[in-house]
Amino acid sequence: MGKTIAEKILSQKSHVDAYANDFVVANLDLTLSHDGNRPLAVEVFQQMGLTKVWDARKNIQILDHAPCKPSDNYAQKQQILRNFAREQGVRFHDLGDGACHQLLPEKGYVAPGELVVGTDSHTCTYGALNVFSTGIGSSDMACAMACGKLWFRVPETIKIVLTGSIPAGVYAKDIILYLIGMIGANGANYQAVEFTGPVISALSVEERLTISNMAIEMGAKAGLMEADEKTIGWLVGRVGRPYTCVRADADAKYCRVVQVDVSAITPQIARPHRVDNVCSVDEIGDVPVSEAILGTCTNGRLSDLRVGAAMIKGRRVHPDTRLFVIPASRQVYLDAMREGLLETFVAAGAVIGVPGCSGCSGGASVGVPASGENVITTANRNFKGRLGNSEGFLYLASPATVVASAMTGRITDCRNWL
Amino acid sequence: MIFTGAAHCFGDDINTDYLSPSKYKARKLTFEEYAQHMMEDIRPGFYESLTPGDILVAGENFGCGSSRESAPRVIQAAKIPVVVAKSFARIFYRNAISLGLPLVEVDTTSIREGETIEVDVLLGTIKTDHGTIQGTPLPPVLMGVLLEGGMLANFQKYGSFRLDRED
Chain A
1 MGKTIAEKIL SQKSHVDAYA NDFVVANLDL TLSHDGNRPL AVEVFQQMGL
51 TKVWDARKNI QILDHAPCKP SDNYAQKQQI LRNFAREQGV RFHDLGDGAC
101 HQLLPEKGYV APGELVVGTD SHTCTYGALN VFSTGIGSSD MACAMACGKL
151 WFRVPETIKI VLTGSIPAGV YAKDIILYLI GMIGANGANY QAVEFTGPVI
201 SALSVEERLT ISNMAIEMGA KAGLMEADEK TIGWLVGRVG RPYTCVRADA
251 DAKYCRVVQV DVSAITPQIA RPHRVDNVCS VDEIGDVPVS EAILGTCTNG
301 RLSDLRVGAA MIKGRRVHPD TRLFVIPASR QVYLDAMREG LLETFVAAGA
351 VIGVPGCSGC SGGASVGVPA SGENVITTAN RNFKGRLGNS EGFLYLASPA
401 TVVASAMTGR ITDCRNWL
Chain B
1001 MIFTGAAHCF GDDINTDYLS PSKYKARKLT FEEYAQHMME DIRPGFYESL
1051 TPGDILVAGE NFGCGSSRES APRVIQAAKI PVVVAKSFAR IFYRNAISLG
1101 LPLVEVDTTS IREGETIEVD VLLGTIKTDH GTIQGTPLPP VLMGVLLEGG
1151 MLANFQKYGS FRLDRED
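Chains as they are written, first to last, in this note's numbering: chain A, 1 to 418; chain B, 1001 to 1167.
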C-alpha cells in the first residue's frame, strides 16, 4: 500500500514498515530546545542523572524567547543553557541570533527527509522543507537527548490541495489563516497535514515556512510539503550533507482531502482570543489599534520586511500607534539593514526589536499591551494573555495588513495601499 | 486506576496559556506556586476552589496551544489526579503520558459542575449519579506506559523507550 510523507519518514527512521496509527521508536536527526521552556529540557536531563547527549551535533540550544534578557530569572535560565552547551559541545545560538524557527532553516540545520523534534509547538515550521518536525515537551526531550530516539504514533494525514491564483494584497499568512478558520483549531488534531497544489509550488520558500509554521494552530502534528527545485535551490549553500526528498505515493491513503481555490481569498484577520476566529478584513469593522508588530518566526523574514517597508516608505506610523519591527534573525537584521529597510522603518517611526521571540511570547517582555489595548501582529497565536497582559486584545494578520494598520491607526485593508 | 472527585467543568479549546500563563515565565516559581495561577485568566479563583482529588472536566481540544510541559505539571501540582475531556490536543496528550498524568477521552456534555464523578481510567468510563458514560481508553501501548508511571518513568526504568512490555 502506498504511503504518505509522514508514513515514509517515520518508517525510514524506525526501520519499520509503518502506517498511520502504528507506534514506532524512531531515530532523530535533530533535537531543539530554547530558553522559553519550563522546566528546561536540560534541567529534566540533569535531574534524571543523565550526563551525555547522544550526539552533540544533533542537539541545539537557542536563546530566543527572551533575547532582551528581561529578568534575573531568564538570565539564570540562559546561563544554564550556555553552560550546558559549552560542556556538552552541542550546537548553540546566543541571544540576538534569532528565533529558532528561522535559524534552523537559515543555517541548514534541517534538510528534506529528516526527523526533527523541538520543545516548541511551532517546530512544525520545517515541514515546508519536507522535514517531519513536531513539538514535544521537556521530559520527552530529555529522554530523546539521551538516546537519540523518540516514540511516535504515526499520524493519519489530511491532504490540502491549493489551486487558483493568489489575488493582489493576499499573502501566505492570509492563506493559512483562511485554512485554520475553515478547518478549526481542532480540525487536524493528531493528524499530519500535506500542503500541496500549484499554489504551494508558486510560493517562495519563505512563504511556505509561514504556512507550515501555523499547522499546529489547526491541531496538526506536522505541516508537510514536498521538496521541489525551489526548495533544493534555497538549500544550496546552507546544507552540505546528503539528504533525501520524500514524496507521497500516488496511492497513499489520506483521511481527508480538502480542495481550496485561493482566487477568492481576501486579507484575513484572526480575532481575539482564538486563532480560528478568522474573518475577512471586509468584515472586521472599525477596530483601532495602538500597537502593531511585524516580526516573529511566522513573518519576520526578509521578504516580510520588504513588503512592509515598501508600503511605509516615505510615510509615517500613525501617531496613536506603536509599530515594532523585529527581524527574525541576525542575518535578516543585517540584510534588512543593508537594503535600507531598517532605515525606512525607523524614519517612519517604528521601533526595531531584538531578533527572537520579541513581540510574540509574553515572557520576552516586549510590546506587552496595556489593558484594553488592541494589538495587530504577524505572530501565530492570539490567546488571552499571550503577550503578557490578559486584558489586551491580539489580532493576527499578514505583514501587509499589519503595516497598513500601523499607518492608519485602525485595522486596514492593505489592498488600498498597494 | 479509579478516581472519585468533584467535577470542575470547562468548555472547548482550553489552551496551555490558560493552564500556565506565560506572564509568569519571567518569575521563579515552583510548580506548586505556578499552579495557583491556573485558569486565572478565564476563571479567577479557580485554584482556591479546588480540593485535592477534584477532577478537571473539559470539552474538545483540551491543552491546545504551546507545547509547555508546565501545563500538565501544574495540574499534578494542584493534586488533580485525572483529566477527562472530549478530546485532547496532541502535544498536551504526549506530555501527560510522559509525566504519568491519566487522561480519559469521553463525551463530557452531561457532566455537571460540582457533581461527584468516578473515573475508571483503564475502562475509560465515568460514573455519575445519572448514569455511566463510556469513553475511549488510552491505546494498550500507552496504557501500559501510564501504569508504570508514565513514559519518563518507563525510560528511566529501561534506559530506552520500551513500548511493548514483555510480561
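Simulated from the structure, these hints should not be mistaken for laboratory data.
Among these hints, one or two may not hold up.
[Said to hold, decoys possible] Which chain B residues stay away from chain A? Per the calculated CB distances, all over 10 Å, these:
{"id": "1", "residue": "C1009"}
{"id": "2", "residue": "D1013"}
{"id": "3", "residue": "S1067"}
{"id": "4", "residue": "S1070"}
{"id": "5", "residue": "T1109"}
{"id": "6", "residue": "R1112"}
{"id": "7", "residue": "T1125"}
[What the hints assert, rightly or not] In silico lysine to aspartate or glutamate, EDC-like type, Cα no more than 20 Å apart, as pairs:
{"id": "8", "chain 1": "A", "residue 1": "K313", "chain 2": "A", "residue 2": "D282"}
{"id": "9", "chain 1": "B", "residue 1": "K1023", "chain 2": "A", "residue 2": "D335"}
{"id": "10", "chain 1": "B", "residue 1": "K1127", "chain 2": "B", "residue 2": "E1040"}
{"id": "11", "chain 1": "A", "residue 1": "K384", "chain 2": "B", "residue 2": "D1054"}
{"id": "12", "chain 1": "B", "residue 1": "K1086", "chain 2": "B", "residue 2": "D1120"}
{"id": "13", "chain 1": "A", "residue 1": "K253", "chain 2": "A", "residue 2": "E229"}
{"id": "14", "chain 1": "B", "residue 1": "K1086", "chain 2": "B", "residue 2": "D1012"}
{"id": "15", "chain 1": "B", "residue 1": "K1079", "chain 2": "B", "residue 2": "D1107"}
{"id": "16", "chain 1": "B", "residue 1": "K1028", "chain 2": "A", "residue 2": "D72"}
{"id": "17", "chain 1": "B", "residue 1": "K1023", "chain 2": "A", "residue 2": "E226"}
{"id": "18", "chain 1": "B", "residue 1": "K1028", "chain 2": "A", "residue 2": "E43"}
{"id": "19", "chain 1": "B", "residue 1": "K1028", "chain 2": "A", "residue 2": "D251"}
{"id": "20", "chain 1": "A", "residue 1": "K384", "chain 2": "B", "residue 2": "D1107"}
{"id": "21", "chain 1": "B", "residue 1": "K1157", "chain 2": "A", "residue 2": "D72"}
{"id": "22", "chain 1": "B", "residue 1": "K1086", "chain 2": "B", "residue 2": "D1107"}
{"id": "23", "chain 1": "A", "residue 1": "K384", "chain 2": "B", "residue 2": "D1120"}
[What the hints assert, rightly or not] To be clear about the criterion: a stretch of chain A counts as covered by chain B if any three or more of its residues have a C-beta under 8 Å from a C-beta of chain B, and this derived list gives those stretches:
{"id": "24", "stretch": "304–317"}
{"id": "25", "stretch": "354–365"}
{"id": "26", "stretch": "400–411"}
We treat Cβ as the ideally placed atom computed from N, Cα and C, and that holds for glycine.
Does E229 (chain A) lie within 20 Å of K253 (chain A) when you go C-alpha to C-alpha? violated, 26 Å
Quick check: the stretch 400–411 of chain A, covered by chain B? Criterion 3+ residues, Cβ under 8 Å. violated (count 0)
Is the Cα-Cα distance between K1086 (chain B) and D1120 (chain B) 20 Å or less? Cα-Cα ~15 Å, so holds.
Can you take a look at whether the stretch 304–317 of chain A is actually covered by chain B? Rule is 3+ residues, C-beta closer than 8 Å. violated (count 0)
Between K313 (chain A) and D282 (chain A), is the straight-line Cα distance small enough, at 20 Å or below? At roughly 25 Å apart (the allowed maximum being 20 Å), D282 (chain A) and K313 (chain A) break the hint.
Please work out if K1086 (chain B) and D1012 (chain B) have their alpha carbons no farther apart than 20 Å. holds, 9 Å
Hey, K1079 (chain B) versus D1107 (chain B), does the alpha-carbon distance stay inside 20 Å? violated, 23 Å
Against the 20 Å threshold, does the CA-CA distance of K1157 (chain B) and D72 (chain A) hold or violate the hint? violated, 36 Å
For the pair we were handed, K1023 (chain B) and D335 (chain A), check the Cα-Cα distance against 20 Å. violated, 32 Å
Pair hint outcome, K384 (chain A) versus D1054 (chain B) [Cα-Cα no greater than 20 Å]: violated, 25 Å
20 Å Cα cutoff - pair K1028 (chain B), D72 (chain A): holds, 9 Å
Quick check for students: does the CB of T1109 (chain B) sit more than 10 Å from each CB in chain A? Non-interface label stands for T1109 (chain B): nearest chain A Cβ at 16 Å, farther than 10 Å.
Consistency with the previously given hints fails for numbers 2, 3, 4, 8, 9, 10, 11, 13, 15, 17, 19, 20, 21, 23, 24 and 26, ordered from lowest to highest.
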